[in-house]
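Peer 1: Sequence:
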Amino acid sequence: MKYSFDTLSSDDFELLTRDLLQKHLDIYLDNFKSGRDGGIDLKSSTSKDKSLIVQCKHYLKSTYSNLITELKKEAKKVLVLKPSRYIVVTSQGLTQKNKEEIKKIFEPFIKCTEDIFSAENLNNLLSKYPEIERKHFKLWLSSQNILDKIIHNDVMNRSENAVDNIKKKISLYVQNQSFHLAKDILTEMNYCIIAGAPGIGKTTLADILILDYMANDYEIYKITNINEAFKLYHQEKKQMFYYDDFLGQTSLEIKLNQQEDSDILQFISLTKKSKNTKFVLTTREYILNQAKLIYEKLETSNFDFQKCVIDLDDYTKMDKARILFNHFFFSEMPREVIHQLLKNKNYLRIINHTNYSPRIIEQMTVYYNDEPDNYVENLLSNLNNPLRIWEHPFNNQISNCSRNLLLVMASLPADILLSNLKKALDSFEKVKEEHSNSKDFNKALKELEGNFINISFSDYESDHVIRYNNPSIKDFVENYMTSHMIEFSYLCQSPVFFDQIIQLWNFLNKKDVNKRFVRDGFQSYTESIRRCFTSPDLKIKPAPNPWDEIDNSGEDSISLFDRFFYVLDLSSIIPSTTIIPIINHLEEVLYNAVKVTKQGSKNFLIFLAKIDKYNYQSIKGQHEWIKLFKMVLWNNLDNIHTFNIITDFLSGYPLEFDESEIIELKGLFKEFHKNEFYDYLDEASSYVELEDYLSVFEEINNLLEIETAEDLVVEIENKRHELSVLLHEPEPDYDEYNDWEYFGNRNEDSDIDSLFEGLKDPYE
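Residue numbers (the working numbering): 177 to 940.
It is worth saying that the hints were derived from the structure and are not from the lab. Bear in mind that the values here come from a model prediction, so they are computed numbers and not experimental data. Check before you lean on any hint, since a few could be wrong.
Unchecked claim - Have a look at the derived ranges for each label pair, beta carbon to beta carbon: (1) Glu893 / Leu844: 24 to 30 Å; (2) Pro712 / Ser180: 43 to 49 Å; (3) Glu625 / Val765: 46 to 52 Å; (4) Asn811 / Ile782: 19 to 25 Å; (5) Asn851 / Asp824: 20 to 26 Å; (6) Ser575 / Asn321: 57 to 63 Å.
Said to hold, decoys possible - With a cut-off of at most 25 Å between alpha-carbon atoms, the simulated SDA-like pairs for lysine to any residue come out as follows: (7) Lys280 / Glu246; (8) Lys345 / Glu933; (9) Lys275 / Ser180; (10) Lys311 / Gln268; (11) Lys407 / Lys774; (12) Lys413 / Glu508; (13) Lys258 / Lys275; (14) Lys789 / Phe633; (15) Lys407 / Phe633; (16) Lys771 / Ile750.
Think of the CB as a built atom: it goes at the ideal place given N, C-alpha and C, for glycine as much as any other residue.
Input sequences plus hints: build the corresponding full structure.
Peer 2: Okay, structure coming up:
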């Protein structure tokens with residue numbers, strides 16, 4: 177395994193050198209405050225080699241001649257220090273001739289060329305001391321075999337720059353106590369909710385956790401709704417499920433689907449009992465609090481009991497300094513800007529800022545467009561007003577097509593296929609009486625990629641996936657629309673997908689939106705509902721899984737039910753004269769869809785409860801709907817879930833069933849569990865799933881007054897015992913990172929200045 181050390185900053189490299197030489201030489205080395213004139217990076221504190229000095233030279237993208245120039249400067253300092261032994265360590269590759277030249281520069285303090293450690297020597301030491309390699313996770317995660325393992329995992333973006341993007345993420349990351357807290361929670365509880373303020377590092381922490389578990393042979397699944405997790409779950413496989421922004425990216429977008437709050441809690445319960453499953457969720461702290469007010473199950477559960485909250489208190493002053501340092505160290509910022517950062521210790525003004533934000537720092541080091549003399553003041557101004565950073569490039573630096581594209585994305589789900597984005601953009605520009613051709617569209621994508629948007633590839637969909645590069649961009653666009661409501665009115669007139677209807681209503685319902693636009697917008701908005709009701713679902717499908725069962729639940733008709741429920745919910749807000757004709761039309765469409773597809777059964781009871789809740793006068797009538805539902809259920813009595821639904825109907829609407837139907841239902845269920853139940857017991861592999869199945873089975877038996885056969889009772893108890901033993905087997909301890917230590921336990925105040933010395937150009 178060979179490292180180039182290009183994911184390490186100068187400070188990281190010094191710490192790696194310290195650990196390797198302490199082990200190799202069997203001595204203790206102190207980290208020394210470097211300064212420009214000290215000439216010491218590491219120094220021995222043992223009596224055996226009390227005057228040993230180590231000089232570390234980690235010059236990325238530099239040359240051997242530059243290294244020699246700098247070492248000659250150091251030689252003058254060494255003459256004053258007069259150590260008994262002097263060691264030079266560099267991340268550059270050196271020949272034996274190079275080493276002889278360096279030894280000659282430092283005679284008599286370098287005793288032999290073995291005291292000159294090059295990249296090759298460091299790699300040899302890492303092979304000799306693998307525990308040090310694993311301790312320095314930024315190094316280990318960037319090794320080629322780990323990168324290969326990560327890249328070949330289906331969760332990673334399929335792009336030419338994937339390796340570079342991963343290495344960049346690793347190089348910029350600063351490990352702090354939130355990492356250890358999240359790891360501890362995942363080890364103990366198997367799930368963790370990472371909640372915190374916008375831009376504070378939630379997604380970065382989740383990404384590093386993903387890389388960590390991926391490197392330890394976990395299969396990673398990024399999900400967009402909890403049903404995907406249930407479908408992909410496999411008790412015997414090491415799996416991590418990652419649900420990013422599970423409550424939406426802004427306060428306008430509390431996004432849990434029908435009953436998803438209950439389903440999330442159920443999956444957490446499943447995860448907690450698993451020996452192989454990890455579940456990571458991210459959300460903004462205030463959105464989690466809002467969701468708990470809206471969703472009863474979240475509010476009444478201990479859902480946030482194991483919450484891993486990233487707070488600024490978790491960033492020590494040195495953490496903030498390292499984050500700022502890393503972003504500049506690995507950036508292509510002009511030297512004039514770095515001079516301004518170092519001038520009068522301006523970096524301290526940023527580190528000490530009340531609104532310190534890793535995201536703003538990233539944006540200001542990646543999207544540089546300032547005069548060097550203005551850079552620090554502009555960065556501080558952006559910390560004062562985080563949305564301001566996008567204002568200038570949005571208004572002045574991108575094309576009109578690019579602006580339209582960003583506006584349209586605000587009306588779409590977080591992840592959108594390129595082909596669907598193009599359809600939505602075309603409709604928006606048609607309403608605006610503007611037109612962008614394919615060339616303009618492709619140019620806009622190139623213009624926005626990497627700063628405003630992220631583009632990845634979905635193998636399953638055979639299309640590119642587009643999303644905002646980070647949530648603050650969506651915040652900015654929504655804020656922009658509050659003062660440019662004409663753009664929003666165009667969006668209300670132009671939807672082509674029902675998902676846009678939902679996103680636009682979330683915005684319309686925002687308390688500080690101009691109410692005149694809300695009133696005037698109802699007509700165009702409700703007409704868009706009618707037009708988009710049967711539009712394609714924008715949900716991006718997960719990669720196929722060999723353990724998935726064929727879903728017979730009818731995704732299209734279920735989607736129509738969810739849409740109908742959504743519009744029905746709006747009936748309590750939008751004037752009835754406007755919304756009721758739309759609902760009548762949608763009911764007719766829904767009825768015909770169920771009649772044709774004979775699917776969507778899990779929504780039948782919810783439908784009846786909804787129309788009763790809102791006192792909606794169904795144009796078909798309750799009896800006609802129940803008649804249709806019974807027909808669909810009777811034709812699909814091939815699984816226990818359908819039996820459960822129809823018996824729930826029997827319990828809730830007994831007058832809709834005659835005696836002959838009840839007798840027939842009882843006979844069908846006896847035949848079902850006679851033919852299917854023993855097969856299910858043989859194949860069951862999860863204790864939790866078995867218990868869920870059995871509870872439904874017993875409920876149906878009780879309702880239909882069927883006694884369970886004695887031999888079946890024995891089989892059930894045997895299977896319960898078998899799976900209970902598996903459930904409580906201890907999880908193998910794969911984690912070799914318990915000895916990871918946070919890099920930087922030295923005194924913060926005294927070391928920050930020393931850290932930023934590493935940004936000074938030694939050749940100037």
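Peer 1: Does each hint hold? Answer for all of them.
Peer 2: Hint check results:
no., hint, in the structure
1, Glu893 / Leu844: 24 to 30 Å, "holds (26 Å)"
2, Pro712 / Ser180: 43 to 49 Å, "holds (46 Å)"
3, Glu625 / Val765: 46 to 52 Å, "violated (39 Å)"
4, Asn811 / Ile782: 19 to 25 Å, "holds (20 Å)"
5, Asn851 / Asp824: 20 to 26 Å, "holds (23 Å)"
6, Ser575 / Asn321: 57 to 63 Å, "violated (43 Å)"
7, Lys280 / Glu246, "holds (14 Å)"
8, Lys345 / Glu933, "holds (23 Å)"
9, Lys275 / Ser180, "holds (19 Å)"
10, Lys311 / Gln268, "holds (22 Å)"
11, Lys407 / Lys774, "holds (22 Å)"
12, Lys413 / Glu508, "violated (42 Å)"
13, Lys258 / Lys275, "holds (20 Å)"
14, Lys789 / Phe633, "violated (43 Å)"
15, Lys407 / Phe633, "holds (22 Å)"
16, Lys771 / Ile750, "violated (29 Å)"
In summary, the numbered hints that this structure violates are 3, 6, 12, 14, 16.
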